[in-house]
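There are 2 protein chains.
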Amino acid sequence: MPRVVRVGAAQLGPIARNEPREAVVERLCTLLHAAADDGCEFVVYPEAALTAFFPHWYIEDPRELDAYFEKAMPSGPVNRLFREAAERRVGFYLGYAEAAETANGRHHFNSAILVGRDGSIIGKYRKVHLPGVDHVRPELPFQNLERLYFEVGDLGFPVFDAFGGRIGMAICNDRRWPEVYRLMGLQGVELIALGYNTPLFNPDADQSPELRIFHNELCMQAGAYQNATWVVGVAKAGVEEGVHMMAGSCIIKPTGEIVAQCKTSGDELAIADCDLDACNEGKRSEFDLASNRRPELYGALVETG
Amino acid sequence: MPRVVRVGAAQLGPIARNEPREAVVERLCTLLHAAADDGCEFVVYPEAALTAFFPHWYIEDPRELDAYFEKAMPSGPVNRLFREAAERRVGFYLGYAEAAETANGRHHFNSAILVGRDGSIIGKYRKVHLPGVDHVRPELPFQNLERLYFEVGDLGFPVFDAFGGRIGMAICNDRRWPEVYRLMGLQGVELIALGYNTPLFNPDADQSPELRIFHNELCMQAGAYQNATWVVGVAKAGVEEGVHMMAGSCIIKPTGEIVAQCKTSGDELAIADCDLDACNEGKRSEFDLASNRRPELYGALVETG
Numbered sequence: 001m002p003r004v005v006r007v008g009a010a011q012l013g014p015i016a017r018n019e020p021r022e023a024v025v026e027r028l029c030t031l032l033h034a035a036a037d038d039g040c041e042f043v044v045y046p047e048a049a050l051t052a053f054f055p056h057w058y059i060e061d062p063r064e065l066d067a068y069f070e071k072a073m074p075s076g077p078v079n080r081l082f083r084e085a086a087e088r089r090v091g092f093y094l095g096y097a098e099a100a101e102t103a104n105g106r107h108h109f110n111s112a113i114l115v116g117r118d119g120s121i122i123g124k125y126r127k128v129h130l131p132g133v134d135h136v137r138p139e140l141p142f143q144n145l146e147r148l149y150f151e152v153g154d155l156g157f158p159v160f161d162a163f164g165g166r167i168g169m170a171i172c173n174d175r176r177w178p179e180v181y182r183l184m185g186l187q188g189v190e191l192i193a194l195g196y197n198t199p200l201f202n203p204d205a206d207q208s209p210e211l212r213i214f215h216n217e218l219c220m221q222a223g224a225y226q227n228a229t230w231v232v233g234v235a236k237a238g239v240e241e242g243v244h245m246m247a248g249s250c251i252i253k254p255t256g257e258i259v260a261q262c263k264t265s266g267d268e269l270a271i272a273d274c275d276l277d278a279c280n281e282g283k284r285s286e287f288d289l290a291s292n293r294r295p296e297l298y299g300a301l302v303e304t305g
Numbered sequence: 306m307p308r309v310v311r312v313g314a315a316q317l318g319p320i321a322r323n324e325p326r327e328a329v330v331e332r333l334c335t336l337l338h339a340a341a342d343d344g345c346e347f348v349v350y351p352e353a354a355l356t357a358f359f360p361h362w363y364i365e366d367p368r369e370l371d372a373y374f375e376k377a378m379p380s381g382p383v384n385r386l387f388r389e390a391a392e393r394r395v396g397f398y399l400g401y402a403e404a405a406e407t408a409n410g411r412h413h414f415n416s417a418i419l420v421g422r423d424g425s426i427i428g429k430y431r432k433v434h435l436p437g438v439d440h441v442r443p444e445l446p447f448q449n450l451e452r453l454y455f456e457v458g459d460l461g462f463p464v465f466d467a468f469g470g471r472i473g474m475a476i477c478n479d480r481r482w483p484e485v486y487r488l489m490g491l492q493g494v495e496l497i498a499l500g501y502n503t504p505l506f507n508p509d510a511d512q513s514p515e516l517r518i519f520h521n522e523l524c525m526q527a528g529a530y531q532n533a534t535w536v537v538g539v540a541k542a543g544v545e546e547g548v549h550m551m552a553g554s555c556i557i558k559p560t561g562e563i564v565a566q567c568k569t570s571g572d573e574l575a576i577a578d579c580d581l582d583a584c585n586e587g588k589r590s591e592f593d594l595a596s597n598r599r600p601e602l603y604g605a606l607v608e609t610g
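Just so you know, the sequences run in chain order L and B.
Mapping the first sequence onto our numbering, position 192 (from 1) lands on 192, and the numbers just tick up by one.
Start counting at 1 in the second sequence, then tack on 305, and there's your number in our numbering.
Just so you know, these hints were derived from the structure itself, not from any lab.
Don't take each hint at face value.
As the list claims (entries may be wrong) - Derived Cβ-Cβ restraints for the label pairs, each shown as a range: (1) Asp509(B) / Ala23(L): 47 to 55 Å; (2) His33(L) / Phe506(B): 41 to 49 Å; (3) Val133(L) / Gly381(B): 55 to 63 Å; (4) Glu562(B) / Arg137(L): 24 to 32 Å; (5) Arg411(B) / Val133(L): 52 to 60 Å.
Unchecked claim - Computed list of lysine to any residue pairs in SDA-like fashion (alpha-carbon distance at most 25 Å, straight line): (6) Lys588(B) / Phe82(L); (7) Lys568(B) / Val133(L); (8) Lys429(B) / Gly299(L); (9) Lys588(B) / Leu211(L); (10) Lys283(L) / Lys568(B); (11) Lys124(L) / Asn597(B); (12) Lys429(B) / Glu303(L); (13) Lys124(L) / Arg166(L); (14) Lys588(B) / Phe201(L); (15) Lys263(L) / Lys568(B); (16) Lys588(B) / Val152(L); (17) Lys283(L) / Lys429(B); (18) Lys124(L) / Leu602(B); (19) Lys283(L) / Asn597(B); (20) Lys283(L) / Lys588(B); (21) Lys283(L) / Glu608(B); (22) Lys124(L) / Phe82(L).
Said to hold, decoys possible - So the derived list for chain L, only partly shown, Cβ under 7 Å to chain B, looks like this: (23) Pro178; (24) Leu218; (25) Val302.
Note that the structure is predicted; figures quoted are calculated from it, not measured.
The beta-carbon is built from N, C-alpha and C at its ideal position, and this holds for glycine as well.
All chains, full assembly: derive it from the sequences and hints.
In structure tokens form, the structure reads like this:
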């Protein structure tokens, strides 16, 4: 039985700081319906896809900060996305800021969920590789306060059986770390969904936008090839509250080749038929990880401070 | 004090099966002198640079097989290379087949050495990621019998202080494994020298030469960027005893960009000034491995069968 999943990389243009959830969900649903009309059964949205990427600013007012976080998923305006996706039989990956109530208080994560074609949540991932810092740097044109606003994810790097294959998730800066792809590769991942919010300019480094776009693709392409998996990388793009964001959402084959890519910096779909069996060749030969890795010699990879 | 090392990637064209060591060393010395004339202080030769790449054939006669291995380094015709390199004050990386006598018998490795500008051996690496199989497959146009002829390297992934910086080594198929770059990255590597003998056609996979060249560069560029290190990849190229080999020897910056590359499939030098301080930006920011990795979550990377 063929295992072809038609996937839509649903890039978003900027979200204004004062844009209500309802308006964002309207945009997500517009992309959803366009994807469904084109036969997609899985749509990948960006990281933190429900709001502006608020770690770019220091938010002093705790109530204002709290408003960026989802306390339940789905809830409020987001229910509409779940309902319409289930009606259209389209599953999705959605990145969002998560406030989790636990026995020992409230915890904040930069999270993503995998939702099945019936609208049920199949799995969750919480971002591990938080970039940025935990304090304000007033000299910068914009901040990256992910380490102030979020905790390091505590769910590991799980993969889930879905869409006839094995699906993994990663978020933004995770994609620069080969460990992330490998930890999912070792679990037989066949498609990694990955949303990002990445400035085109790094205030701390002398990197042209072209170089940063090259790095974005390089890491995802290498991760795909070296683990024989599809990778679907999806941007929040355009100029968001003065921050120029990288576009270039793309779908990458297990050979590392880009097969579909967004051309604009706005709301846009890139669509590809992802044959999960295209992973088999690599997984059985060059990247047969069980036969070809030498983990007994890799001890230093897991040594801590 | 600037730490600029002028490096020559000394690509070789094919070596005939019956080509004597003296003739090969003559070619190595020709490249050495051209590099020295151009101001190089470090030259990188390919994997198994002293002979044809014999794992491509099944060799039944044990004496014939034994003749491909070096029993001492340097010895015989190779002494000339060491002597002329020391005279010109040029250090080098040299790949060769090593027969090592130990208390428990003779062992065979696919090895590389790092030689200082004074002609002394600074360090050795023995290839860990042996590709191919350990038995003949008569249906193939050529073999890859590395797992028959060599043992898995037993020296780990060492780095060495040399040429004013920290130098690491890898060999051929090692370059496809992000673990290799990372294990050296964790030791602060600033330049990885890497020789390869890679067929342009894979008898086991439907891969065009263009795709295989893309994979070659993709892995080395990602390894360079993700560890903020220079990578110098050097081919044995051309048609060697009927096997079409990949060329494209190149020098890659810590940003992952290729800054020099061979254009032919023959003996050729690609030269670049490698500023080891160009590693600093990446090592202090994005790829500050001590701050930005999460090894406590990477346990599965070292789990064995």
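Now for the hints, and whether the structure bears them out:
About 52 Å separates the C-beta atoms of Asp509(B) and Ala23(L), a value consistent with the hinted range of 47 to 55 Å. Hint check: His33(L) to Phe506(B), Cβ distance near 46 Å, so the stated range 41 to 49 Å holds. Taken as a hint, the range 55 to 63 Å holds for the pair Val133(L) and Gly381(B), whose Cβ atoms sit roughly 58 Å apart. One distance hint, 24 to 32 Å for the beta-carbon pair Glu562(B) and Arg137(L), holds here, with the actual separation near 28 Å.
The hinted range of 52 to 60 Å is satisfied by Arg411(B) and Val133(L), whose Cβ atoms lie roughly 55 Å apart. Of the pairs offered as hints, the one joining Lys588(B) and Phe82(L) is violated, with about 42 Å between alpha carbons and a cut-off of 25 Å exceeded. At roughly 44 Å between alpha-carbon atoms, Lys568(B) and Val133(L) are farther apart than 25 Å, so this suggested pair is violated. For the hint pairing Lys429(B) with Gly299(L), the CA-to-CA distance comes to about 20 Å; that is within 25 Å, so the pair holds.
Of the supplied pair hints, the one linking Lys588(B) and Leu211(L) holds, its CA atoms being roughly 17 Å apart against a limit of 25 Å. A C-alpha spacing of about 32 Å is found between Lys283(L) and Lys568(B), which places the hinted pair above 25 Å, so the restraint is violated. For the hint linking Lys124(L) to Asn597(B), the alpha-carbon distance of about 22 Å falls within 25 Å, and the restraint holds. Of the supplied pair hints, the one linking Lys429(B) and Glu303(L) holds, its CA atoms being roughly 24 Å apart against a limit of 25 Å.
For the proposed pair Lys124(L) and Arg166(L), the alpha carbon gap of about 14 Å is at most 25 Å, so the pair holds. Between Lys588(B) and Phe201(L) the alpha-carbon distance is near 18 Å, which keeps this suggested pair within the 25 Å criterion. Distance check on the hinted pair: Lys263(L) and Lys568(B) sit about 32 Å apart at the alpha-carbon level, beyond 25 Å; violated. Between Lys588(B) and Val152(L) the alpha-carbon distance is near 21 Å, which keeps this suggested pair within the 25 Å criterion.
Proposed proximity of Lys283(L) and Lys429(B) is contradicted: the alpha carbons are some 31 Å apart, above 25 Å. Distance restraint check for Lys124(L) and Leu602(B): the Cα-Cα separation of roughly 16 Å lies within the 25 Å cut-off, and the hinted pair is therefore satisfied. Proposed proximity of Lys283(L) and Asn597(B) is contradicted: the alpha carbons are some 29 Å apart, above 25 Å. Taking the CA atoms of Lys283(L) and Lys588(B), the gap is near 32 Å; set against the 25 Å cutoff, the hint is violated.
The straight-line distance between the Cα atoms of Lys283(L) and Glu608(B) is roughly 18 Å, inside the 25 Å bound, and the hint therefore holds. A hinted pair counts as satisfied when its Cα atoms are at most 25 Å apart, and Lys124(L) with Phe82(L) qualifies at roughly 15 Å. With its C-beta approaching chain B no nearer than about 3 Å, Pro178(L) sits inside the 7 Å limit, and its interface hint holds. At a threshold of 7 Å, the smallest CB-CB gap from Leu218(L) to chain B is about 5 Å, leaving the interface hint in force.
Residue-level restraint check for Val302(L) holds (minimum Cβ-Cβ distance to chain B is 5 Å; threshold 7 Å).
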